[in-house]
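Q: Listed below are the residues making up each chain.
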Amino acid sequence: MRDRAPVWKSIIGVLLGLVIVFPVLYAFSISLMPESFIAAYPPKILPSAPTLENYAKALKTAPMLRFVLNSAIVAVSIMGVQVLTSSLAAYAFVNFEFRGKGLLFGAVLATMMIPGEAILISNYLTVASARLLDSYWGLILPYGASAMGVFLMRQQFLTVPREFREAATMDGCTDWRFFWRILMPVSMPAISALAVYCFINTWNQYMWPLLITSSVTMRTVQIGISMLSFSDGMAYGVIMAGFMLILLPSLVIFILGQQKMVSGLMAGSVKG
Amino acid sequence: MRDPVVRAAELAPVGARRRRMAPYLFLLPVMVFLIAFYYYPFVKTIVTSFTVTDAAGQFKKVVGFRNFLMIFKRKDFLPILGNTLRFVPMIALPTLLLGLLLALFANKRAPGVSRLTETMFSMPMAIASASAALVWSLIYNPVVGVANYLLGLQINWLTDDRFAMLSVAIVTVWLQTGSNFIFLLTALRGVPQDLMESAMIDGAGGLRKFFHITLPMISPTLFFVIFLDIMGSFQAFGQIRILTQGGPGIATRVLVYDIYLEAFMNYRFGTACAESLILFAMMLMVTLIQFRFENRGVHYA
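Keeping their order, the protein sequence lines are chains A and B.
Take 1 as the starting number for the first sequence in my numbering and just add one per residue.
Take 1001 as the starting number for the second sequence in my numbering and just add one per residue.
Since the hints were derived computationally from the structure, they do not count as laboratory data.
Be aware that one or more of the hints could be misleading.
[Claimed, not checked] The calculated DSBU-like cross-link candidates involving lysine-lysine, where the alpha carbons are at most 30 Å apart (straight line), are:
id	chain 1	residue 1	chain 2	residue 2
1	A	K9	B	K1108
2	B	K1044	B	K1075
3	B	K1044	B	K1073
4	A	K260	B	K1075
5	A	K101	B	K1044
6	B	K1073	B	K1061
7	B	K1075	B	K1060
8	B	K1209	A	K9
9	B	K1061	B	K1075
10	A	K44	A	K60
11	A	K260	A	K60
12	B	K1060	B	K1044
[To be verified] Some chain A residues judged to face chain B by a derived CB distance under 8 Å, without partners named:
id	residue
13	G13
14	F98
15	L104
16	M113
17	P115
18	I121
19	N123
20	F178
21	I246
22	P249
Values in this document were obtained by computation on a predicted structure and should not be read as measured data.
Just so it is clear, CB atoms sit at the ideal spot from N, CA and C, and this is done for glycine as well.
Sequences are here, hints too, so could you generate the full structure?
A: Structure, rendered in structure tokens:
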């Protein structure tokens, strides 16, 4: 048992925490202020008469819910596809001996060395020539696989005792059945770690959707919200309301999944 | 009725072939995606960097190293490269230091609220660079923003070329400190307690314990987060595009932003690809250095 710290430490901890999350609290506070109040000098930290009119305006001036829907579709799809492709590949690397295994594993990991920026333009041209610009497919397909995912799932599958598979094979269970019925269910913690990581990353994507979406109805949350700010005369209160709306889903998932994600990522990244 | 033993013998090769093929089938989906969206585009980027394309990105002609020469002949390229490199320590050092201090602080669980403080310390991790930049652009607003008000200053944070880079760096540090904190905290909690206790019995003070036990024990994680921070600074894009658009002038234009402008504003895909390769070379160097440290200079438990 670790020794416990005194109460003053808790208080300092919370105060420090409030400093760190200040921008978010500030945005929330501004989102509740009428525009005239925001523009007044000196700047106010707290609203005198909180109002939801900025939220109503944000929902009216931009299809915020459509942006949220788009991002949700894309994030959930990428999450599902990545978990699937990563788990299948990890299964091959953990449970089979085959020619070219080392080479293929190296080839998967090597993609971690290729930074997004070095392939972005070519991927854009590929997606454009496949006529997938401004579509869900264009947003999803380039992120169908990730070396990080394969690596995380491999680390997880290595912890599952070999006897599981041997016993299952003895009972006449095929690889396919074993994978779905036994391995995937016992690997839920690692799967949810990967899923949370994937969801937040996709939800927060900016550059790729900026490049490939052009119509208002295909915009994802980050593009939608920044468009709000680039349009002339857009008020800060409305932008902050929009910010709060799109932050909420990722924040909830982060708070619920943070612990899992961290332990999952630690298992994968530092100890190789 | 045929002899069951003979039947089994006939079937065996089929089963064996299926077993031989199985791992490749399991690998097929991942490989299809990685080839289509990593290997193929990477090769294409290299090829394109030696060519000139039309505005739609279609190949026009091979020009050898001319794209690279043109980049280095540009008057603004060295300043852009300088910005990119200057940005690295401006982000990596404060991020690492803050992350470490917060982790040391949170390492001993405080009564009642440790989960809350940990979540607050790491929260910026969950926020996108683009939307964070929107909030910070309000904070930095010289008239209605709180930065000048709270600090009692009159600074044009985003439009004065002495402060623009700093402003962007502060936002980036804010975004990245959370992940440093989390990784370092997990590492600190992995330091064996008995090591600390025996050091205490030997009469080692707090600082000595930190430098002789804690720091070496968490050094793998330390190098890992430095690596993440450097990569993060090379890749900063959303915050720059929203806060400064690379300005004022080219004061905050870094390589990634210049690649974006070159490809998607000027439609010069050849030179943009050449620039991506320069960025890739820089990141590869950092990665190789990181591997060297990981293999030599670091203590593993």
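Q: So, for every hint listed, does it hold in this structure?
A: Here is how each hint holds up against the structure:
no.: 1; hint: A:K9 - B:K1108; result: 9 Å, holds
no.: 2; hint: B:K1044 - B:K1075; result: 28 Å, holds
no.: 3; hint: B:K1044 - B:K1073; result: 24 Å, holds
no.: 4; hint: A:K260 - B:K1075; result: 49 Å, violated
no.: 5; hint: A:K101 - B:K1044; result: 26 Å, holds
no.: 6; hint: B:K1073 - B:K1061; result: 21 Å, holds
no.: 7; hint: B:K1075 - B:K1060; result: 26 Å, holds
no.: 8; hint: B:K1209 - A:K9; result: 21 Å, holds
no.: 9; hint: B:K1061 - B:K1075; result: 25 Å, holds
no.: 10; hint: A:K44 - A:K60; result: 26 Å, holds
no.: 11; hint: A:K260 - A:K60; result: 37 Å, violated
no.: 12; hint: B:K1060 - B:K1044; result: 14 Å, holds
no.: 13; hint: G13; result: 4 Å, holds
no.: 14; hint: F98; result: 4 Å, holds
no.: 15; hint: L104; result: 6 Å, holds
no.: 16; hint: M113; result: 6 Å, holds
no.: 17; hint: P115; result: 5 Å, holds
no.: 18; hint: I121; result: 5 Å, holds
no.: 19; hint: N123; result: 5 Å, holds
no.: 20; hint: F178; result: 11 Å, violated
no.: 21; hint: I246; result: 6 Å, holds
no.: 22; hint: P249; result: 10 Å, violated
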